[in-house]
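So the chains spell out like this:
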Amino acid sequence: MDREIVFASPSEVELAYLQARTRRHFLRSLSAGLGTLFLGTLASKLVPSAKAAGAETAALDFSRDARTPLSPLPPQFAAKVRRVIYLHMAGAPSQLELFEHKPELKRFDGEDCPASFLAGKRFAFISGVPKLLGSQYPFHQAGQSGQWISDRLPHIEKQIDDICFIRSMRTDQFNHAPAQLLVQTGNPRLGYASFGSWVVYGLGTENQNLPGFIVLLSGGKTPDGGKQLWSSGFLPSVYQGVQCRSHGEPVLYLDNPAGVSRSLRRTMLDTIDDINQQTYAAFGNPETVTRIAQYEMAFRMQMDATDAMDIRKEPDSVHAQYGSKPGEASFANNCLVARRLAERGVRFVQLYHWGWDSHGADAKEALNLGFNDRCREVDQPTAALLADLKSRGLLEDTLVVWGGEFGRTPMRENRGGQVMKYVGRDHNPGAFTIWLAGGGVRPGMSYGQTDDMGYEIVKDPVEIRDLHATTLYLLGFDHHRLNYRFQGLEQKLTSVKAARVVAEILA
Amino acid sequence: MNLPSGILDKDGKSFTTPNHGLLVQSRFGRVMLAPILIITTLVSLLPPDGNERAGWLQFVGNFHPLLVHFPIALFLLVAILEIVGRSGRFAYLRLSVNFVLALTTLGAILAALLGWCLGRSGGYSGTLVTQHMWGGVALSIICWLCWLIRSRPRKLSAAYAIALALGVGLVAWTGYRGGQLSLGANHLTEHMPNGLRNLLGVKDALVASDPSADPNTFYGAQIQPIFATRCVNCHGADKHKANLRLDTYRALMRGGKDGPVVRAGNVQNSDLFRRITLPASHDDFMPKGKQPLSAEQVKALELWIAAGASSSVAADAIKITPSAPASPAEVKFAEVDTAAVARLRSAIAPTVTQLQQQFRNILDYDSRGSADLRLKASILGSNFGDRDLEAFVPVADHIVVADLSRTAITDHSAGAIAAMKRLRVLRVINTRLTDATLLRLDTLSQVESLDFYGTHITAAALPTIARLPKLSHFYTGQTGIRPGQPMPEGLTGKLIF
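Sequence order for the protein chains is A and B.
Just so we're aligned, residue 392 is where the first sequence starts under this note's numbering, counting upward by one.
Just so we're aligned, residue 258 is where the second sequence starts under this note's numbering, counting upward by one.
Hints may contain errors.
Stated by the list, open to error - Only pairs whose alpha carbons sit at most 25 Å apart, straight line, appear in this in silico DSS-like list of lysine-lysine:
#1 B:K751 with A:K549
#2 B:K678 with A:K471
#3 A:K850 with B:K727
Stated by the list, open to error - Which residues of chain A face chain B? A partial, calculated answer using Cβ under 8 Å:
#4 E756
#5 R783
#6 Y864
Stated by the list, open to error - Here are the computed distance ranges between Cβ atoms for each label pair:
#7 A:K850 with B:E647: 54 to 60 Å
#8 A:K850 with B:T446: 40 to 46 Å
#9 B:G642 with A:H416: 52 to 58 Å
#10 B:S569 with A:D842: 38 to 44 Å
#11 A:V887 with B:N640: 58 to 64 Å
#12 A:A673 with B:A596: 35 to 41 Å
It is worth saying that the hints were derived from the structure and are not from the lab.
Glycine included, each C-beta is placed from N, C-alpha and C at the ideal position.
Please build the complete structure, drawing on both the sequences and the hints.
Given below as structure tokens:
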């Protein structure tokens, strides 16, 4: 360990030991430890440039003053993108009803699914031989770029020349929670740092009066992956996402209780900070400093967060553009808040809109009913957000990502082998579409291709980790170098498998 | 040959060899003449012609390779029984010879019949299949003759021995021809170790190449070897399935039963190319049941057909370059040379540090690898005014991005902004700036993006802006400039409202 740490109790020591001393440490000190010592003495003689080479590959320094853990740091190299607005459509919207025009699938609508589609595949609900299901909605080409889109997103369609579709996304998870975790933390299991946490860890945040990573929910439910989706995992907890509410108090218990003035609050915080400083001096736990910093931020946020979240300050014309209504917990309101946060220098704004899981088991999740409502809820605000960012010049250095956690099958869901009352599709991790817009991304293009049925990728597959690597590249990082040592491994958002920056979509 | 009329077993009981049984067999044997004649007629009048005929004929015919092993084994068994049976101790073995011979004859006739079905329906033609076929027919006749002679009470032992010996030879020859048909002309010597190959003087039969192909041509150097190794087994001199031969250039260009397979210059309509690029599971895929051609081979064929499918074009006239998607684009991550960066920053570093302490979080380097600066005063909002901006004049040369949105700056700052000569992006959303500032920005020769959303600018300053050489975006929403106003040349398409 680099730091001298005094531990509070034997159990804490034991925990720290377990976290620090792992199989990797053992193997490294056993086999490589002595060897590298030996090589180290030789290297400077053998290779004159060894020192220079060592400097080049030196780990990037992300250390900051413990009192200001969120202070901004420059990116590794000049970056096109300074902030991200991630619109996660929780439940996985059907790409075949929105973006993937498949006339061949339409032609085979209602016919038995070929056996080759089913062999060796796992489905959440499909059983037996399902029927193929053509798109429920007509498609057409739109914009100067002539990309295909269905009639469900008439507002987003107007921005299509600013959008870069990746039609060949792939995941290895077919259930919502692990698939969402994979998209948001780079790993399908619990305990990993989320996308936003990594970005704030790497770049800090410009506005110290607001959290660097803010999460806004709509659609009535928390996504299946739960609050782990914006957890900081093994990163210091100061980098975790802060969930804000789009009506009422933006952050619960942020306001002073009745009868407590702001100056009284200040006095109280000073005392608490004093005690915490003593604790830190005694035990040296960095989480104590995190706690001090968070109290301080909460105090500053009392003013700024309330102001940033207060969409009543926007003129009626803006509300008309977004379709937002102050006081509601809606995706439209959240989009407007996202723009206000982007203006105020918040690094990562994460929106979740729940309800896209169109299995067809009931009216709310039927492609011909509830799905339409979801489309209406997100279409106008998403398009307004893009247009608004563009007219304010913010789209130049903001990256907007729109997508779910996997795709949906070209087969109609037949839960229990029965024909269901409503039309729906099952989960398809093999192919889905997401889109990007904004800084550094080539506008008005499509990347990747699926087969005529929209079932499997036939060209240029993009893994979730490739998307992460690409986004981090746009933010100015080599995804290998944005890392954090934990359990003996340089942990990365892209995990341990090789990830590729999708250079073809870069502007 | 002395046939024992009865043999005593070890209990002293005797097996009788009923003469009337032989007679019955003999009469039945004569009946076998009919199917033999039928086969001979079929083979003579309806020989395999290279056309494929799906349906019952092919379905039944596909059982030929399975069934054919029975008469082969049985016929060899007859020979073994006869030889071993000569020894007195095993004399009883010869009692079963007649029965085995009868089975052999039946099997041989059936195998020959199925063989014809396969040959006729499976798209075969050529010397190999003809030889194999007539060998099969001859074998069934020999089997039948052996059986007839053997069943006769009157002995014709010399004729029988000759027929038997001839039959064994024919089994070997016909079987080898059959093996060549299904496994390839050189299937026995293909993997022969080189030492043995030299010892026996076996030639490398693999090179069944077109003698007319000049190795200096693209066809001779690239295309013919593909056909020789992957295609001529079924589409060669000995076997031309679908009436298609690929062993010579002329045969290739003549095509098969459905016409030409290669259309010069037209890759998409060349059936040969279509078939080799189908998925291996497709019915029309070639080579059927084998590994698909390698990507390089397919590419070579594609280029050759596209270039006119000539037999004379020189080998180096067509360049085989790997197709673009084979190597996806890669990005290079810039490496940070800390020492070099420190040198670059040395002149301004003290000022920057001092400014960073004075104005927290609003000034930082553009990246870890550069001495360029970004100013983000918008964080401070109305707490940041003209006087504050003046503090940044000493580093103005290094500022490449300046965001002064929502600050309290006024046109008094025009000079401070104009001093940032390397500015790429200037953002002054919702400030009180007017045309007075805009008119002084003609110094910003590097600026790509000007963001004056929500300011008081008007069209009056547009001619100055139009002269900025690198400008690509000018954000003028919520200002005095309206869409549809006359624009100076050079600003068309650059204004965003």
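Okay, the hints, checked on the actual structure:
1. With a CA separation close to 19 Å, the supplied pair K751 of chain B and K549 of chain A stays within the 25 Å bound.
2. Under the criterion of a C-alpha separation no larger than 25 Å, the hint pairing K678 of chain B with K471 of chain A is consistent with the structure, at around 20 Å.
3. Simply put, K850 of chain A and K727 of chain B have alpha-carbon atoms about 37 Å apart, too far for the 25 Å limit, and the pair is violated.
4. With a cut of 8 Å, the hint placing E756 of chain A at the interface with chain B is violated, because the nearest CB-to-CB distance is about 35 Å.
5. Interface hint status for R783 of chain A: upheld, as the beta-carbon distance to the closest one in chain B is roughly 5 Å, under 8 Å.
6. With a least beta-carbon distance of about 6 Å to chain B, the hint placing Y864 of chain A at the interface is held under the 8 Å criterion.
7. A hinted range of 54 to 60 Å holds for the C-beta pair K850 of chain A and E647 of chain B, which are about 56 Å apart.
8. A C-beta distance of roughly 44 Å is found between K850 of chain A and T446 of chain B, which places it inside the suggested range of 40 to 46 Å.
9. At roughly 55 Å, the beta carbons of G642 of chain B and H416 of chain A sit within the given window of 52 to 58 Å.
10. Taking the beta carbon of each, S569 of chain B and D842 of chain A are about 41 Å apart, inside 38 to 44 Å as hinted.
11. At roughly 46 Å, the beta-carbon separation of V887 of chain A and N640 of chain B lies outside the given 58 to 64 Å, and the hint is violated.
12. Look at A673 of chain A against A596 of chain B: about 40 Å separates their beta carbons, and that is inside 35 to 41 Å.
In summary, the numbered hints that this structure violates are 3, 4 and 11.
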